[in-house]
Amino acid sequence: MSRLVEVRDLRIQARTDAGRIVEIIRGVSFDIDEGEIVALIGESGSGKTTIALDLMGYTRPGCRVTGGTVTLDGVEMGALSEGERARMRGSLVSYVPQSAAAAFNPAHTIMDQVVEVVRIHGSMPVAEARTKAVGLFRALALPNPETIGERYPHQVSGGQLQRLSAAMALIGDPKLVIFDEPTTALDVTTQVEVLRAFKAVMRKGGIAGVYVSHDLAVVAQIADRIIVLRHGEIQEAGRTADILERPQHPYTRQLLAAFRPGAAPRPARLDQDEAPLLVVRDVVAGYGKRDANGLPALRILKGVSLELARGRNLGIVGESGCGKSTLARVIAGILPAAKGEILLEGRPLAPDFRQRRPEDLRDLQIVFQSADTALNPHQSIGEILGRPLAFYHGLGGRTREARIDQLLDMVRLPRPLRHRRPGELSGGQKQRINLARALAADAKLILCDEITSALDTVVAAAIIDLLKELQRELSLSYLFISHDIETVRAICDEVVVMYKGEKVEQLRPDVNDGRPTQPYSRLLFSSVPQLRTGWLDGLAQDPELTRAFAQR
Amino acid sequence: MSVSLSSTRPVRRWRLGYRISPVGAVAFLVILAWAVVAVTAPLIAPHPVGEIVDFDFFQPMSAAYPMGTDYLGRDVLSRILFGARYTVGISLASVALACLTGVTLGMAAAVIGGAFEAALSRFLDALISIPSKIMALVLVAAIGSSMPVLILTLAVIYTPGSYRFARALAVNVNAMDYVTVARVRGERLGYLIRAEILPGIVGPVLADLGLRFVFIVLLLSSMSFLGLGVQPPNADWGALVKENIGGLSLAAPAVIFPSLAIASLTISVNLLIDNLPQKIRDRSADA
Numbered sequence: 002m003s004r005l006v007e008v009r010d011l012r013i014q015a016r017t018d019a020g021r022i023v024e025i026i027r028g029v030s031f032d033i034d035e036g037e038i039v040a041l042i043g044e045s046g047s048g049k050t051t052i053a054l055d056l057m058g059y060t061r062p063g064c065r066v067t068g069g070t071v072t073l074d075g076v077e078m079g080a081l082s083e084g085e086r087a088r089m090r091g092s093l094v095s096y097v098p099q100s101a102a103a104a105f106n107p108a109h110t111i112m113d114q115v116v117e118v119v120r121i122h123g124s125m126p127v128a129e130a131r132t133k134a135v136g137l138f139r140a141l142a143l144p145n146p147e148t149i150g151e152r153y154p155h156q157v158s159g160g161q162l163q164r165l166s167a168a169m170a171l172i173g174d175p176k177l178v179i180f181d182e183p184t185t186a187l188d189v190t191t192q193v194e195v196l197r198a199f200k201a202v203m204r205k206g207g208i209a210g211v212y213v214s215h216d217l218a219v220v221a222q223i224a225d226r227i228i229v230l231r232h233g234e235i236q237e238a239g240r241t242a243d244i245l246e247r248p249q250h251p252y253t254r255q256l257l258a259a260f261r262p263g264a265a266p267r268p269a270r271l272d273q274d275e276a277p278l279l280v281v282r283d284v285v286a287g288y289g290k291r292d293a294n295g296l297p298a299l300r301i302l303k304g305v306s307l308e309l310a311r312g313r314n315l316g317i318v319g320e321s322g323c324g325k326s327t328l329a330r331v332i333a334g335i336l337p338a339a340k341g342e343i344l345l346e347g348r349p350l351a352p353d354f355r356q357r358r359p360e361d362l363r364d365l366q367i368v369f370q371s372a373d374t375a376l377n378p379h380q381s382i383g384e385i386l387g388r389p390l391a392f393y394h395g396l397g398g399r400t401r402e403a404r405i406d407q408l409l410d411m412v413r414l415p416r417p418l419r420h421r422r423p424g425e426l427s428g429g430q431k432q433r434i435n436l437a438r439a440l441a442a443d444a445k446l447i448l449c450d451e452i453t454s455a456l457d458t459v460v461a462a463a464i465i466d467l468l469k470e471l472q473r474e475l476s477l478s479y480l481f482i483s484h485d486i487e488t489v490r491a492i493c494d495e496v497v498v499m500y501k502g503e504k505v506e507q508l509r510p511d512v513n514d515g516r517p518t519q520p521y522s523r524l525l526f527s528s529v530p531q532l533r534t535g536w537l538d539g540l541a542q543d544p545e546l547t548r549a550f551a552q553r
Numbered sequence: 379m380s381v382s383l384s385s386t387r388p389v390r391r392w393r394l395g396y397r398i399s400p401v402g403a404v405a406f407l408v409i410l411a412w413a414v415v416a417v418t419a420p421l422i423a424p425h426p427v428g429e430i431v432d433f434d435f436f437q438p439m440s441a442a443y444p445m446g447t448d449y450l451g452r453d454v455l456s457r458i459l460f461g462a463r464y465t466v467g468i469s470l471a472s473v474a475l476a477c478l479t480g481v482t483l484g485m486a487a488a489v490i491g492g493a494f495e496a497a498l499s500r501f502l503d504a505l506i507s508i509p510s511k512i513m514a515l516v517l518v519a520a521i522g523s524s525m526p527v528l529i530l531t532l533a534v535i536y537t538p539g540s541y542r543f544a545r546a547l548a549v550n551v552n553a554m555d556y557v558t559v560a561r562v563r564g565e566r567l568g569y570l571i572r573a574e575i576l577p578g579i580v581g582p583v584l585a586d587l588g589l590r591f592v593f594i595v596l597l598l599s600s601m602s603f604l605g606l607g608v609q610p611p612n613a614d615w616g617a618l619v620k621e622n623i624g625g626l627s628l629a630a631p632a633v634i635f636p637s638l639a640i641a642s643l644t645i646s647v648n649l650l651i652d653n654l655p656q657k658i659r660d661r662s663a664d665a
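Chains as they are written, first to last, in this note's numbering: chain A, 2 to 553; chain B, 379 to 665.
Treat the hints loosely; a few may be bogus.
Just so you have them, the derived chain A footprint on chain B, three or more residues with Cβ under 8 Å [claimed, not checked]:
hint, region
1, 542 to 556
2, 568 to 578
Taking CB as the label site, the calculated pair distances span [stated by the list, open to error]:
hint, chain 1, residue 1, chain 2, residue 2, range
3, A, GLU77, B, LEU407, 48 to 54 Å
4, B, GLN656, A, GLY159, 35 to 41 Å
5, B, ALA496, A, ASP292, 22 to 28 Å
Think of the hints as simulated: they come from the structure by calculation, not from any bench.
Beta carbons: idealized from backbone N, C-alpha and C, even for Gly.
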């Protein structure tokens, strides 16, 4: 195989708003052969997208290439004029963005946008391009390939739109396609289909690819080689199987270890007589006008019941839109339930938090997904943690200061951090502060709503370990909501599977060894990518079942 | 990206962590100068405000009267220096009052929502629908012109706009998770608007305050021009323009300089709010 891409000692600088210059890519070199798929993997800020974009001769505003060369099919991209580079984009190299929804113009039909690049380059007649597009739609396993192009972007699902954006990238017969986290925003069941479609088309056309991702398991299914990046430098590069089975670099090992979290602790069987900490009974909630029975027009939760024993954890998994976050908001009283009961330690809670007693508000704390929006950027960490202490416990002066230090110790953060503001902390540190605020209330139950979803794998694994440690020390209970089944299983012994606002089943370690029994849960669990090559090819799922549930 | 950042420039230490633009600094100095003049007018003015210093009216610029004399032969420089007290003082008082009321109500409406917000918004929308000059004329003509009346009138006219602006900003902040967390904690209205919402909107609110100050200066000047503002022998800058308008055909400096004073103040405030010091987010260099 001949060499398609040569990157030699690439260096890219960025300028911050203080005028300071930061080198974000520091001497990266790698090659891609024709027809080979190479994955760039790393945490956020590792420079993987910056490198991928530079393969098209593009740097984001504020960034500048300061050294090295990128040679694509024998042409040095850096030496070309912008017009010449534009001619290569779409015909020699093309790009599939992370968010297909943002990449399509809602005002034009899909077909017009798919063939646009051919029209701009004038490389083939539009009628011919349309026929070719239909062929691509078919190859990407899209439903109704003849007519789907006539629709508008909002009329197809997210997974379909992502495949359509791949069709857009492939229409100009590129030799290299750059995938920038194309399945990160998709649900697992959809992700399986999209990955399969991508892989089939790339193999068939012998097209080389660069697959940017932070998810090792996804990359293991599609890439021939993996390049591990950190701080703009290559840590390790090698064939996929070698990286997964024989990682050499400590950072790669750390990434792999973070991917295989330990199983949840199995507490000794609790006394059956003890009243459960939280009981949710037949809760119905939603939005819109209420009908004669007091039920909202759009029901997000349709009669959900669950129980959580003291000192135990309950996980809630499901795909986007299944109502798992709504359930957390209903339990917290942010969205009052239209029907049903919520009991905390046997006491019924008012549906609306405004009518709840201060003790109930204190005992039940909610931790939100995004620490960026959950922490007031204008308050210092000390103020953020100090307020619940003053509010719930009336602490002031030196006792409060001492307790803030104690809380920072509990979440394993250095004490001087209290003078900083959230904007000056890293994502993982912010999430720890978010957690410490819930601990400041001395809560009995903490609702964790996707608290690790926005974090890098290694950081998320550390947060999970922290949650386990805190539970041992403080006898807390967590209601842990996530779309990531592996994470939930790492911390919860019981898992509730939700689908379209209903509870499908509750998995218990003592029943069927914690394995799913219902068709939907089986599909969901089997769709989680596993960290071995060939998992996708060997995955046998009932196509009928997939179609029935994954209609998005 | 916090590890071994290389820097090719000599590191400049920003002790404040703010970037100050030269235009903004000059504008600030002009405003500061007018504020100092307003406070110290009796000390620096060469003549008392009502004193007729020369029988020759509409004199040109001279060493004795640097800005000439007005239609009665009074020193224009002294009258402008004294006028600064009224123009800057009344405008400042009313803009402070208008923004304090408007912003507080706006934040409260965003947090409380529901019927309270709807009623307040519709009521203030009704006030907005009345043209500001007509309303000012009617109010002052009915009640009579005095300093408190002028301040209150101007405040009432500019409160609804400030309310709308603050409410729109506060609604966005109110939707953030950290406000939800504070609510679920059981916090009361006062804490929510003071500690959670206000810090998030204070920047744009200050910019809005500057803009509103300019509008008030102009409205006050036009009211004085129509004879409903500050009453003789005192005069704000608008009144100075009005009483000397007859000198326009004589090319008298008496009508030019008050206009320049109004222009310098309003333009400076505008430039200042467009060039407020910007906080530098990248603090790793001096951490």
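Now for the hints, and whether the structure bears them out:
| no. | hint | result |
| --- | --- | --- |
| 1 | 542 to 556 | holds (count 3) |
| 2 | 568 to 578 | holds (count 4) |
| 3 | A:GLU77 to B:LEU407: 48 to 54 Å | holds, 53 Å |
| 4 | B:GLN656 to A:GLY159: 35 to 41 Å | holds, 38 Å |
| 5 | B:ALA496 to A:ASP292: 22 to 28 Å | holds, 24 Å |
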